[in-house]
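**Q** Sequence:
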Amino acid sequence: MTTPPAADQPSAAEQPVPSRGGSGTAAALVAAGILLSRLLGLVRQFFMARYLGAGATADAFAAAFKIPNILQNIMGEGGLSASFIPVYSSLLGRDEPEEAARVAGAVAGLLALASAAFVVAGVLLTPTLVPLIAPGFEGEKRELTIHLTRILFPGAGLFVLSAWCIGVLNSHRRFFMPYVAGVAWNVAMLAALLWFGPRETLPRIAEALAWASVLGAGMQFVVQLPTVFRVMGRLRVSLSTRSAHVRQVMRNFGPVAVTRGAVQISGYIDQMIASFLPNGAVVMIAYASTIYVLPVSLFGMAVSAAELPELSRGAAPGREALAALRARVNTGLRRIAYFVVPSAVAFVLLGNVIIDALLRSGRFGATEAMFTWGILAGSSIGLLATTLARLYSSTFYAFNDTKTPFRYALLRIAISLGLGAAFALRGPHLLGIDGRWGAAGLTLASSIAGWVEVTLLHRRIDARLEGRTGIPAGLGARLWGAAVIAGMVAIGAE
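Everything in the sequence shown is counted per the numbering used here, starting at -16 for the first residue and increasing by one.
You can take every hint at face value.
As a list, the in silico SDA-like pairs of lysine to any residue whose alpha-carbon atoms are at most 25 Å apart:
| no. | residue 1 | residue 2 |
| --- | --- | --- |
| 1 | K386 | A227 |
| 2 | K124 | G38 |
| 3 | K386 | G453 |
| 4 | K124 | A404 |
No lab work stands behind these hints, which were simulated from the structure alone. None of the values given here were measured: they were computed from a predicted structure.
Turn these sequences into a full structure, and let the hints steer you where they fit.
**A** Structural data, given as structure tokens:
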């Protein structure tokens, strides 16, 4: 596919990449786009809880959505962006727009081919995949999960192509459009819930929601294309791997996909274990995740997405370059902490109020809200670790070091699996409590694993940058102290 530049504009090869302001401005644009999409996502989850509740059908939809969603995140925003952006941005930074365009076109073609193969394989192998991600599902619940998964798989392929657009636009310092595009996906699903929710059976609502997800994924991809063509000027899609830069993207992709996808893989493990828990555990984890990922996306993802192109342009040997990178990393870490620490404390202390306001309605009652609060609190203990780890990993990627974050991601996954199985399957029995509390044990285990990962990343990046990074102890104490005091005051005011 070849797209000519606009008649009244020079091609991308003839114009420099414009400066779009500082990293704070870029992060704010990413956060603004994500905020609009996530807020609409919360509205979507409210109506999903209202019409699907927290029973077997809702579990089936959550499990079905998780399979393509994991692959989408690993292949798309997880692996592709972090392996493609450093290479593409560095070419733009060296004023090599023609080579950058060739790399982008080759990556687009290879990605489209891989996505098509992945979708076809996924649809055909769904009966095999479902027992792997939800081995505890049986009978009609399992059959519904298989049916919904087959519907959802094409949408995952479209999400992966959308991630390529994000990589291109972020590298050209266009940050708002790629992240606000998610509004289209949420609108499609919300429309399906509002139309089918009051008038159809639970399985029919779930099926309509799955088809709406695929339609919304297509809309999210298409709305980004005009801006992609405008910033690139000319796009030639190919399957060529002759360029050393394309091969570098391909080499980086595997380790980066696992590293960036560690949270998603941990989520897969949580869902797999949760399928053995009583009805509702799987979907309550999904409901809690919608709330939990809001600060991760707004602050961790926003800062990391804005910094990755700049870190890639600035990664160079020499004391001055390393000092400048340390300053960027420290600024980003502190910016994250200012917002994430209060969010984590609020989720732990006031999660019941938040969940009641956002989800409690219709088939989602007080009991379901209580268990979801416990799940959210378990996740929130590791909220700061997860967001800081994204920025540390981005710093390694700027140096084209994918192996270090990869090793620590594998360790995180192993710890999450071991502790999660113990906390979820044995914890409630040993404590003599409802089995659904095992879902909170799963998220607590993931939080512990997250802190191990970020501690190891912190130590290694300090050695790489030849200096200290992180949040000063005094600042951390003030942030946590102020957040806890504010939370206790809020509880007293209830």
